[in-house]
Each structure stands twice: as C-alpha cells, then as structure tokens.
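Enquirer: Below, each chain spelled out in residue letters.
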Amino acid sequence: MRKLLFTALVCCAAGSVLAQDYSNTAEQANRLNALVKAYPQSASLKSLTKTNGGKDIWLLTIGSGKTENKPAIAVIGGVEGNHLLGTELAIGFAEQLLKASGTDSIKNLLSRTTYYVFPNMSPDAMEQYFSKLRNGRTGNATATDDDRDGKTDEDGWDDLDGDGKITFLRVESVTGDYKVHPDDARVLIKADISKGEKGKYKLLTEGIDNDKDGHFNEDGEGGMAFNKNLTYNHKTFAPGAGDYPASEKETRAMLDFLYDAFNVYAVVSFGTNNNLSNPIPYNPQAAAQRIVAGLLEPDAKVNGMVSDLYNKVTGTKDAPRSNVTGGDVLSWGYFHYGRYSFSTPGWWVPKARPDTAKKEKAFTVEDVTANYLRWASQQGITNTFTEWKTIQHPDFPGQKVEVGGIDPYVMMNPPYKMVEPVVKKHTEFLVKLASHQPEISIENLKTEKLANGLTRVSLDLINKGGLSTHSKLGERSYFIKKIKLAVQTSGKQEVVGGRKIHLLNSIDANGSESFSWVIKGTGKLVIEAGCPTAGNTSIEVNL
Amino acid sequence: MKRFSKKILTSLLVLITGMTVHAQLPNQVFKAAGSPVNPKVTVTWNRYYDHAGISEICKKIAAAYPDLAKLQSIGKSFEGRDLWCLTITDFKKGNPDRKPGMYIDGNIHSNEIQGAEFALYTAWYLTESFGDTKFIQELLEDKVFYIVPTINPDARDSYMHKPNTGSSPRSGVIPVDNDGDGQVNEDSYDDINNDGHITMMRRKNPNGRWKLDPKDSRNMIQVGPDEKGEYELLGIEGIDNDGDGRVNEDGYTFEYDPNRDWGWGWQPNYIQNGAYKYPFSLPENRAVMEFVMKHPNIAAAQSFHNAGGMILRGPGGQEDIGTYNAQDIAVYDAIAKKGEELIPGYKYLVVYKDLYSAYGGELDWFYAGRGIYTYSNELWTPYLMYMRDATRDPFDNASFSFDRYLLFQDAFVPWKEYDHPQYGKIEVGGMKKNFGRAHPGFLLESDAHRNMAFSIYHCFHTPKLEVSEITEKDLGDGLKEVTAVIYNGRLMPTHSSQDAKNKIERPDYITLTTSGKILSGMQVENRDLNLSKEQTNNPQTIEVPNIPGLGSVTVKWIVQGGGKYTVNVDSKKGGTASASK
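Sequence lines, in order, name chains A and B.
Throughout the first sequence, residue numbering follows our numbering, covering 100 to 642 in sequence.
Throughout the second sequence, residue numbering follows our numbering, covering 46 to 626 in sequence.
Because the hints were derived from the structure by calculation, they are not lab data.
Be a bit skeptical, because a hint or two may be false.
Below, computed lysine-lysine pairings styled on DSBU-like, alpha-carbon distance capped at 35 angstroms [claimed, not checked]:
{"id": "1", "chain 1": "A", "residue 1": "K250", "chain 2": "B", "residue 2": "K518"}
{"id": "2", "chain 1": "B", "residue 1": "K398", "chain 2": "A", "residue 2": "K599"}
{"id": "3", "chain 1": "B", "residue 1": "K207", "chain 2": "A", "residue 2": "K599"}
{"id": "4", "chain 1": "A", "residue 1": "K311", "chain 2": "B", "residue 2": "K626"}
{"id": "5", "chain 1": "B", "residue 1": "K382", "chain 2": "A", "residue 2": "K334"}
{"id": "6", "chain 1": "A", "residue 1": "K311", "chain 2": "B", "residue 2": "K609"}
{"id": "7", "chain 1": "A", "residue 1": "K619", "chain 2": "B", "residue 2": "K470"}
{"id": "8", "chain 1": "A", "residue 1": "K250", "chain 2": "B", "residue 2": "K470"}
{"id": "9", "chain 1": "A", "residue 1": "K149", "chain 2": "B", "residue 2": "K249"}
{"id": "10", "chain 1": "B", "residue 1": "K626", "chain 2": "A", "residue 2": "K334"}
{"id": "11", "chain 1": "B", "residue 1": "K548", "chain 2": "A", "residue 2": "K149"}
{"id": "12", "chain 1": "A", "residue 1": "K311", "chain 2": "B", "residue 2": "K562"}
{"id": "13", "chain 1": "A", "residue 1": "K145", "chain 2": "B", "residue 2": "K339"}
{"id": "14", "chain 1": "B", "residue 1": "K339", "chain 2": "A", "residue 2": "K149"}
{"id": "15", "chain 1": "B", "residue 1": "K121", "chain 2": "A", "residue 2": "K591"}
{"id": "16", "chain 1": "A", "residue 1": "K250", "chain 2": "B", "residue 2": "K525"}
{"id": "17", "chain 1": "A", "residue 1": "K311", "chain 2": "B", "residue 2": "K249"}
{"id": "18", "chain 1": "A", "residue 1": "K623", "chain 2": "A", "residue 2": "K581"}
{"id": "19", "chain 1": "B", "residue 1": "K477", "chain 2": "A", "residue 2": "K334"}
{"id": "20", "chain 1": "B", "residue 1": "K339", "chain 2": "A", "residue 2": "K278"}
{"id": "21", "chain 1": "A", "residue 1": "K250", "chain 2": "B", "residue 2": "K626"}
{"id": "22", "chain 1": "A", "residue 1": "K334", "chain 2": "B", "residue 2": "K518"}
{"id": "23", "chain 1": "A", "residue 1": "K297", "chain 2": "B", "residue 2": "K398"}
{"id": "24", "chain 1": "B", "residue 1": "K207", "chain 2": "B", "residue 2": "K383"}
{"id": "25", "chain 1": "B", "residue 1": "K546", "chain 2": "A", "residue 2": "K289"}
{"id": "26", "chain 1": "B", "residue 1": "K548", "chain 2": "A", "residue 2": "K311"}
Computed list of chain B residues with no C-beta within reach of chain A, every gap over 12 angstroms [stated by the list, open to error]:
{"id": "27", "residue": "I119"}
{"id": "28", "residue": "K207"}
{"id": "29", "residue": "G225"}
{"id": "30", "residue": "S262"}
{"id": "31", "residue": "D271"}
{"id": "32", "residue": "E277"}
{"id": "33", "residue": "D287"}
{"id": "34", "residue": "K322"}
{"id": "35", "residue": "G367"}
{"id": "36", "residue": "P389"}
{"id": "37", "residue": "L394"}
{"id": "38", "residue": "A413"}
{"id": "39", "residue": "F480"}
{"id": "40", "residue": "I549"}
Source: prediction; values computed, not measured.
Even for Gly, the Cβ is constructed at its ideal location relative to N, Cα and C.
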C-alpha cells in the first residue's frame with residue numbers, strides 16, 4: 100500500500116506539469132531521482148562530484164542494456180549559471196524522452212543510442228536565481244580575486260533599492276558615454292561620437308565601490324564560470340576563467356567522465372554559443388594552423404547538415420550571432436575532445452514587430468533591450484523592468500544617480516510558461532540527430548574456395564549512418580578508438596593471406612571499404628568489426 | 046633450512062648497512078675544500094636510489110637537521126607513493142613562508158633518473174655544509190628551498206625494477222591504449238634475454254645494410270652505398286604480442302608525457318604528442334601545482350631532466366615568444382650564462398628554437414603561469430666522457446671506447462643468440478639502460494655539485510629587500526614629508542614582467558606606521574624633479590607593482606604630527622623588510 104502511494108507520488112513528480120518556475124537545485128535533483136525511479140530500465144543517475152558550493156554534479160545516463168557499448172550523445176545543460184533554460188532543456192529532454200520510452204520508436208532508439216545528460220554544470224551560480232538577491236551570476240562558489248589585487252570577493256554588487264535584484268545605475272555626468280534611446284526613454288544606448296552625439300549618463304551595474312579602488316563591482320561573490328574554465332583557448336587570468344584551465348571540480352568531473360566515454364560521437368550543449376542556427380563556416384586558414392583554430396572541411400559540412408536539421412525541426416529563426424570567447428564547452432567538444440560539437444541557447448527574444456494598433460514604428464536604432472521591452476509588452480510580460488528611481492549614492496555625492504533598468508535573467512530565459520514547447524522541439528532535435536548516428540555494418544560477404552581447405556573471404560565494411568564514424572579532427576585524437584576489423588580464427592584455421600587485424604581511422608558517412616583474406620582451414624570463422632562511436636558487429640563465415 | 050639461511054643473510058646485510066650509517070671518527074678524516082667533511086647523513090653519491098631509497102635519505106636528512114630540514118608529502122602518485130618535499134631553510138631565523146623561495150624537482154621523465162639524486166644532493170649539501178660555511182648560513186637565513194627529488198616515483202621504480210631501455214618509460218604508469226585498438230598495454234617491450242635491460246635485436250642477413258664496426262666489434266655501423274652488409278637491425282627487443290603485425294606499439298614503457306601536462310599553452314595530444322586529458326590531469330603534477338599555488342613566495346624554480354648538457358628556458362612554443370619579454374630575458378640570460386661557466390659542457394638554450402616545440406611543459410607554466418624564473422637542465426652530456434665534444438648517439442664510437450676503457454664494458458650487454466617467435470634466430474645485445482642518459486657512477490657527484498651550485502646562484506638572486514632610507518622633511522604648519530627608499534639587492538625583481546603584466550601576484554605593500562595622521566601617500570616617480578603619483582585610497586599602505594632587481598622604489602607620505610616612523614615592506618616573492626626612524 101505504502102509502495103503504491105510512493106509510486107503515485109513519483110509519477111506526479113515525474114510529470115511535474117504544475118511547475119510555475121524554473122527548478123532550483125533541490126527540485127532538479129527531485130526530478131532526476133523521480134526519473135530513475137520511474138524508468139529504472141532506461142535511466143540511471145550518478146553524482147560525479149560536489150562543487151565547492153557543496154552541490155552535486157549529476158550525470159543521467161539514458162539508454163537500455165549495456166549503455167557504455169552504444170554510440171552516445173552527451174547533452175550538457177547549465178553551461179552558464181544564468182541560463183536557467185539550459186538546465187530545463189536538459190532535464191526536460193530526459194523527461195520527455197523517457198515518457199515516450201514505451202513507444203516502439205523510442206524503445207528502438209534507446210536500444211542503439213546512449214544519452215549522457217549533464218543537467219547542470221553551474222549549480223552554485225544558478226542557485227542565485229532562487230536566492231533573495233537575483234544578480235545573473237555565472238561564477239561558482241570558489242573564492243576568487245577577479246581584479247587580482249590580492250583580496251577576494253571584496254567588491255560585489257549591492258542592492259541599493261532593496262528590490263532583490265541587481266539592475267543598473269545611471270549617473271548624470273558630463274563625461275558619460277550613454278544617452279537615452281530615441282524610441283524608448285527607459286533604455287540607454289551608447290552615444291555615437293562619430294556622429295557628433297554627446298553622452299549624458301554613465302552606466303554601471305547596481306552597487307557601490309566597496310573597496311574604493313575606482314572600479315564598481317569588479318570582484319564580488321561568484322568565482323569560476325564553467326563556460327570559461329575549459330581547455331580550448333582558455334583566457335588564463337581573466338575573471339571567471341581561472342589561473343589555469345579546468346581548475347574547477349565540476350569541469351574536471353565532466354572531462355574525466357567524457358574522456359573515458361569512448362562511445363560519445365556528439366556533444367550538444369545548451370548555452371549562449373550557437374552553431375546550430377548558423378553553422379560555423381569553413382575557414383581554410385584557421386583549419387590549417389598548427390594549433391587548429393577552425394573546423395576541418397568535412398566537419399564544417401557536418402555542422403552545416405546538422406544546423407539544417409536543427410532549423411527544420413525547431414522552426415527557429417533570427418538567432419543572434421554568437422561569439423565563442425574561449426574556455427567554452429562548444430569549442431572544447433570539437434577541438435580538444437574531437438567529437439562533433441553543437442551548442443544552442445534554445446531560445447532568444449524574438450524580433451518584435453511594431454504594433455500598428457499602438458502606433459508603434461520600427462526602431463530607428465536597433466537595440467536588444469528596446470526590442471525586449473517591446474516584445475515583452477506585446478506578450479503581456481510585466482515586472483521585468485525597474486523604472487529609474489533617484490537615490491543618494493555615496494560614491495557620487497551631489498550627482499543625480501538613478502537605479503533601474505532591465506532585470507537580470509529575463510533576456511536569456513523565457514517566462515517559464517513558454518518553456519514546454521521549446522523543450523519539445525529540442526527533444527525532437529536530439530532524437531533526430533541520433534538517427535544520423537554512425538553505424539558499422541558488414542555487407543557483401545563472399546567466400547571462394549581456392550582449393551580444399553583454402554578459402555578466400557571478402558567483405559565490405561560499411562558505415563550506414565549519416566555521420567562519419569569519427570570527426571575528421573577526431574581521427575587524430577589519442578582518446579578516440581579506431582575501427583578494428585579482426586579475424587578470429589579457431590582450431591587449426593590460419594590467415595595465410597591478408598592481415599589478421601586491421602585498424603582504420605574512420606569510414607565516412609555512407610562510405611565503405613573492402614577487405615579480403617585467404618584462410619587455410621575448415622569450419623566456422625568469426626569476423627568482428629566496430630568501434631565505440633559506431634557500434635560493434637560480427638559475422639560468422641563457413642569455410 | 047632454506048628459510049633459516051635467508052634470515053641469517055638478511056641479518057648480516059642489516060649489520061653491514063648499519064655499519065656504513067656511522068660517520069667516520071673526526072680524527073680519521075681531512076676536509077676537502079667545499080665538501081662536508083664528516084656528514085651526519087652518509088650518502089653514497091655514485092649510485093642511484095629507487096623511491097624507497099630516496100624516501101629513506103629524505104627522512105635521515107630531516108631527522109639529522111630538524112632546524113634546517115622538514116619533510117612533508119605533498120601528495121601521492123597514481124600508485125600511492127609519497128611525493129616527498131624537503132623544505133630547507135634556517136627555521137630558527139624568520140618565517141620560512143615569507144622568505145623568497147626556490148623550488149627544485151627532478152625525474153618528471155621517469156627514465157631521467159639522476160635529477161632526483163641531483164636535487165637530493167642539494168638538500169644534503171645545504172644541511173651538511175651549514176655548520177661550517179658562512180655563505181650557506183646567510184643563504185638559509187634569507188631563502189627557503191623546496192626540494193622534491195622525484196615527481197614521478199611510480200615510473201622511476203618501473204624504470205629501475207622492470208625491463209626498460211635508457212629512454213623508457215619516460216611517462217608515468219597510468220595505462221593508456223596507445224594504438225587505439227581498444228586494448229591497453231597489450232604489446233610492450235619483451236625482455237627476451239631476461240636481464241632487465243631492453244636492448245637491440247639484430248639478425249644475420251646477407252641483404253642487410255649493417256655490419257660490425259671494425260674499431261669495436263660490439264658496435265654496429267651502416268655499410269656504404271656500394272658495400273654489401275651482413276646484418277639487419279630488427280629494432281628494440283620485443284615480440285608482436287597481440288598479433289596485429291606491429292611490435293612494441295602499446296606498452297607500459299610509454300603512456301604519455303608528464304611534461305606536456307601543465308597549465309600554460311597546453312595543447313591536446315593530436316597537436317602535442319604526449320599530452321594527457323587536460324592540464325594537471327596527472328596526479329603528480331597536480332600535487333606540485335597545488336603546492337606552488339600555496340607557496341606564493343616561490344620566485345625561482347629548477348627542474349632536472351636528462352640528457353644533453355643544457356640549461357633550458359622557455360618558451361616551449363613559438364606562440365609564446367611575446368610572453369618572454371626583454372626584461373625577463375635579461376634576468377634569464379644573466380643567471381644562465383653564469384650557469385654555463387659553472388657547469389662545463391652545458392649550453393644555455395631556448396626550448397622552442399634550439400630543441401623543439403613543446404606545449405604544456407613544466408617550465409612554461411612556472412614562468413608564464415606563475416611568473417617564476419625557471420630553468421630545466423638536461424643533465425649529462427657525452428662531453429663529460431673525454432672532456433671534449435661527443436654525441437649521444439648509441440652507435441657513436443666514443444661511447445664504446447668510454448665503456449671499454451673507463452667502465453670496463455659494464456655498460457654493454459654482449460650480443461647473444463635467441464629464438465624469436467616471429468623473426469626466428471636473432472641476436473640480442475646493446476647498451477644497458479643505465480648508460481647514455483644516466484651519469485656513470487664516478488661522474489655523478491661532481492656534476493650534481495656543479496648543478497647545485499647553479500641552483501644556489503639562481504636562488505641567491507631572488508629578491509632581497511631592505512628599507513635603505515627613511516627621511517623626514519618639515520613642510521611647516523605641523524606637516525611632515527616622510528620619504529622611504531626600498532632597495533632590492535639582487536638580480537630578480539619582485540615581479541617578473543610576466544607577473545606584473547598579468548597581475549599574477551598582488552602588488553608589494555609598503556606601510557608606514559606612525560603616531561601621526563597620514564594625510565596622503567604616493568609613489569615617487571622622480572625624486573629629483575619632484576614627480577609623484579598619489580594613492581588616494583588607504584594611503585598608509587602604498588601598493589607598488591614591482592621593486593626592480595638591483596634597483597629601488599621610493600615612496601613618501603605627508604603626515605600631520607608624528608615622530609617615530611616604521612616602514613614595513615611586504616612582498617609575496619620578495620619577502621619582507623622593515624626599518625624604523
């Protein structure tokens with residue numbers, strides 16, 4: 100009876116359709132635990148480490164049977180601590196996929212593909228959203244000296260208007276470089292000096308110069324940012340990046356797991372970087388550098404193909420261009436891990452059309468904040484802008500200082516009620532991506548008797564998938580296994596012609612390679628082929 | 046019976062070793078200049094020690110000199126061996142954590158063994174010479190040495206106790222699938238003749254292109270283009286264990302390169318051969334990094350490798366040419382050129398340009414990542430065989446003649462016939478693993494001493510700060526101007542320019558303590574022309590970005606009232622200084 104009640108509760112939690120807002124750490128853990136309880140055959144959960152803030156880094160493995168032996172996609176959320184949607188996408192994907200795991204198509208998918216879901220790589224930072232002070236934090240709980248003055252966390256934000264969120268300060272000043280947006284007086288934009296414009300305001304984040312060093316909020320609570328802490332093009336010494344790459348426990352926990360997960364062929368991360376809406380173009384110079392800085396040509400083609408798939412499935416458009424800044428997971432996945440690597444924010448503020456009923460006109464100056472406010476108003480979203488309000492500020496005696504501006508989080512994360520369809524489309528994308536998975540297959544087996552007890556065996560090794568068995572760059576990596584084709588003789592059988600073991604770097608999408616051997620002996624012979632990223636197969640040969 | 050005799054033998058051995066521990070009687074010995082005459086810790090410096098042997102020497106030094114040496118484990122290796130660190134300083138004078146420090150390690154490449162003995166010799170010499178050498182007393186009053194003899198103890202033991210060549214394992218012992226076939230360490234070297242040395246395989250073959258060297262028949266030389274050969278060389282001693290058509294392609298003898306694992310300019314394996322998963326993904330290097338991060342007083346560092354007789358500085362990669370800037374190179378040059386003088390046969394070289402490109406090396410992280418002036422010495426040079434230029438080529442006749450006339454053929458395994466499962470009748474032989482890279486015993490101590498002398502010179506030139514002047518000037522109206530000059534008496538600045546550029550370490554603090562009220566504080570840019578830059582916030586403690594080597598900084602304060610002044614200098618890498626007036 101008790102068990103029944105418990106199961107019922109779990110089911111409710113697993114559904115969790117009633118949620119009104121994004122999940123905090125505890126709720127995330129509850130949802131993940133509910134999944135493994137509800138779908139023990141298809142999901143397992145493991146804490147890889149605890150952050151310096153004492154929070155678990157979860158890994159949810161989805162698949163059936165021996166998951167480590169099947170080609171896998173890694174799905175990474177919480178890449179940036181202020182991107183709540185990324186974690187929601189990762190957990191939501193797991194929920195929707197598992198909910199459908201009884202259907203033939205998903206059952207079939209999970210029998211041949213493994214998903215490694217890292218729901219939240221920034222739990223320390225993300226918890227800030229659920230605290231008394233919302234400030235868009237991206238740094239974890241490691242104490243850092245961001246401005247490298249010998250003191251840690253000595254000048255953070257201050258909630259001057261006591262509204263529980265960190266917004267902005269505008270200070271009237273003759274040396275200010277900001278002016279009011281011509282179409283929306285709430286918004287500040289940079290004055291264009293080249294057009295003879297003059298600024299009226301200094302724009303700062305909300306706070307005080309606590310350590311009186313002339314800089315505002317330059318070294319507050321919040322240490323390393325996961326998406327700056329990885330190894331490719333790491334910006335050593337920059338705030339949030341760390342004194343050396345992979346300095347943080349959560350970073351290392353993910354890398355340690357993934358480097359040993361030889362079956363992963365693609366990494367999909369949810370964060371501000373985006374190579375799914377617009378693929379990274381092939382740049383021959385960058386690709387040819389000794390320290391490879393651009394996608395190799397075949398890999399750029401794959402990026403293009405997967406981007407087409409993404410745009411078709413999600414129907415998204417007008418994505419803002421993104422710049423990878425170094426230390427990020429998108430770059431790491433490709434340049435260092437050697438796998439196909441994709442990233443998307445999942446959602447961005449749509450382009451707001453002027454509402455003619457309200458006599459709105461197209462903006463004379465394009466600005467993301469102005470666009471957001473117009474879109475929000477059309478959607479009936481309120482309470483995401485703090486009206487400018489004059490305060491007394493100790494660092495600007497006698498000057499007019501106002502607190503106000505756009506709230507943290509709202510430009511990167513849609514209101515929770517809009518999340519569900521986003522999750523649905525991204526789940527569909529992750530499912531469709533797996534249908535292109537590389538798959539090794541032995542075809543066209545032929546045996547020719549050359550004499551009594553002497554047989555020529557030939558076959559074609561084929562990759563049936565839409566992706567190459569290895570990214571072109573990955574072929575060079577030491578942490579990716581090669582395709583092994585091995586003849587397993589038994590008894591008195593002997594390979595008298597050809598090689599007993601072949602190691603191949605890769606087979607292209609829909610590509611094939613032919614092999615033959617001369618075998619002395621009789622009976623049954625087994626030929627095995629495969630690699631972790633494309634699966635294993637074998638065939639029995641009658642000599 | 047068998048057991049019984051073994052026991053007797055063990056006791057006998059204990060007795061004999063026990064006897065050697067005792068020092069000589071003072072009246073039996075006569076001091077050779079510059080060497081400890083009657084050391085408390087007796088170490089034989091013409092042989093090598095495995096990790097247990099090194100541990101024991103470390104413990105003896107720490108036990109014999111509690112006021113000069115402290116032993117700690119800074120972490121564990123992959124297989125759980127302690128990474129021993131000896132802290133050597135005069136613990137009775139000053140706070141060791143605040144003295145400018147020098148970090149020394151050896152043996153990061155596990156087959157490059159003598160680095161451990163060289164580092165250990167430094168610890169031994171400093172402690173044993175302290176009593177009667179004034180220079181060492183002063184040095185240890187000012188400075189602290191952190192000496193980690195081996196930072197790769199697992200594979201050091203593997204090198205000594207398992208079959209290897211002189212160049213293997215080089216790596217640590219974490220297993221790696223080198224050939225990417227899904228199996229790990231399935232095809233290592235094979236010690237066909239069971240002698241602990243992996244040497245060469247040759248086979249008589251009229252189509253071969255090699256013959257015996259007429260000058261020394263142990264040596265193989267290539268025949269001329271128009272000459273018929275007698276032998277073929279089949280490579281390094283081994284068998285195709287996994288039947289994949291390749292010999293020795295995946296063994297414990299090479300997994301990765303620990304000196305491509307450091308957190309500056311790190312590149313993955315496909316760009317930098319030997320790199321592991323990410324910077325400091327090897328536990329031994331991680332322990333060193335964490336130790337260095339906890340000791341911001343480390344201003345100088347030395348790592349010992351072999352071979353070739355080199356004093357190396359970075360950059361390891363061409364991309365870092367700009368990182369090593371002119372001011373820092375001047376310091377590097379000054380110290381290393383002295384090193385060339387102190388260690389005959391050694392040349393001062395730059396890694397990327399004179400050797401090869403190497404990303405993620407230890408010396409680059411120490412310098413570029415922490416702002417520490419660092420050298421790697423490639424110990425042993427064939428120059429030392431006959432005090433003239435020679436090569437490290439194992440087929441070089443000089444090696445054979447040195448082995449014949451000075452080592453009495455102890456370094457060579459004579460060719461002998463064996464049956465090989467794939468090659469049939471072959472011969473196995475060649476230079477032993479302890480020759481070619483490791484010093485022969487009789488040359489070990491003198492080269493260790495010379496390299497130690499270079500480290501001491503290096504450490505001597507870490508900053509030494511003093512408050513050389515405090516001057517008070519009356520400005521009238523009860524106001525006083527107090528000027529202080531801080532002098533650095535050694536070559537190194539308190540911040541290398543790489544450090545200053547990236548603010549790796551905090552500024553130096555110069556603090557005035559007085560009963561008067563400090564109204565303003567400033568760093569003086571030009572005292573004669575009265576140029577200065579005010580620090581409005583917290584004027585009592587002036588923060589200066591650097592105190593240059595063999596140079597000074599001047600600061601001044603405007604004080605109301607006051608009288609007695611104390612100036613304290615507090616620098617992470619430069620130590621502390623204080624004066625009152």
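Enquirer: Please go over all the hints and tell whether each is borne out by the structure.
Expert: Consistency of the hints with the structure:
{"no.": "1", "hint": "A:K250 x B:K518", "result": "holds, 34 angstroms"}
{"no.": "2", "hint": "B:K398 x A:K599", "result": "violated, 44 angstroms"}
{"no.": "3", "hint": "B:K207 x A:K599", "result": "holds, 30 angstroms"}
{"no.": "4", "hint": "A:K311 x B:K626", "result": "holds, 31 angstroms"}
{"no.": "5", "hint": "B:K382 x A:K334", "result": "holds, 34 angstroms"}
{"no.": "6", "hint": "A:K311 x B:K609", "result": "holds, 29 angstroms"}
{"no.": "7", "hint": "A:K619 x B:K470", "result": "holds, 26 angstroms"}
{"no.": "8", "hint": "A:K250 x B:K470", "result": "violated, 71 angstroms"}
{"no.": "9", "hint": "A:K149 x B:K249", "result": "violated, 62 angstroms"}
{"no.": "10", "hint": "B:K626 x A:K334", "result": "violated, 46 angstroms"}
{"no.": "11", "hint": "B:K548 x A:K149", "result": "holds, 30 angstroms"}
{"no.": "12", "hint": "A:K311 x B:K562", "result": "holds, 20 angstroms"}
{"no.": "13", "hint": "A:K145 x B:K339", "result": "holds, 32 angstroms"}
{"no.": "14", "hint": "B:K339 x A:K149", "result": "holds, 22 angstroms"}
{"no.": "15", "hint": "B:K121 x A:K591", "result": "violated, 49 angstroms"}
{"no.": "16", "hint": "A:K250 x B:K525", "result": "holds, 31 angstroms"}
{"no.": "17", "hint": "A:K311 x B:K249", "result": "violated, 82 angstroms"}
{"no.": "18", "hint": "A:K623 x A:K581", "result": "holds, 26 angstroms"}
{"no.": "19", "hint": "B:K477 x A:K334", "result": "violated, 46 angstroms"}
{"no.": "20", "hint": "B:K339 x A:K278", "result": "violated, 47 angstroms"}
{"no.": "21", "hint": "A:K250 x B:K626", "result": "holds, 30 angstroms"}
{"no.": "22", "hint": "A:K334 x B:K518", "result": "violated, 47 angstroms"}
{"no.": "23", "hint": "A:K297 x B:K398", "result": "violated, 52 angstroms"}
{"no.": "24", "hint": "B:K207 x B:K383", "result": "violated, 39 angstroms"}
{"no.": "25", "hint": "B:K546 x A:K289", "result": "holds, 30 angstroms"}
{"no.": "26", "hint": "B:K548 x A:K311", "result": "holds, 19 angstroms"}
{"no.": "27", "hint": "I119", "result": "holds, 17 angstroms"}
{"no.": "28", "hint": "K207", "result": "holds, 23 angstroms"}
{"no.": "29", "hint": "G225", "result": "violated, 4 angstroms"}
{"no.": "30", "hint": "S262", "result": "holds, 38 angstroms"}
{"no.": "31", "hint": "D271", "result": "holds, 36 angstroms"}
{"no.": "32", "hint": "E277", "result": "holds, 22 angstroms"}
{"no.": "33", "hint": "D287", "result": "violated, 8 angstroms"}
{"no.": "34", "hint": "K322", "result": "violated, 5 angstroms"}
{"no.": "35", "hint": "G367", "result": "holds, 14 angstroms"}
{"no.": "36", "hint": "P389", "result": "holds, 37 angstroms"}
{"no.": "37", "hint": "L394", "result": "holds, 21 angstroms"}
{"no.": "38", "hint": "A413", "result": "violated, 8 angstroms"}
{"no.": "39", "hint": "F480", "result": "holds, 31 angstroms"}
{"no.": "40", "hint": "I549", "result": "violated, 7 angstroms"}
Of the numbered hints listed earlier, those contradicted by the structure are 2, 8, 9, 10, 15, 17, 19, 20, 22, 23, 24, 29, 33, 34, 38 and 40.
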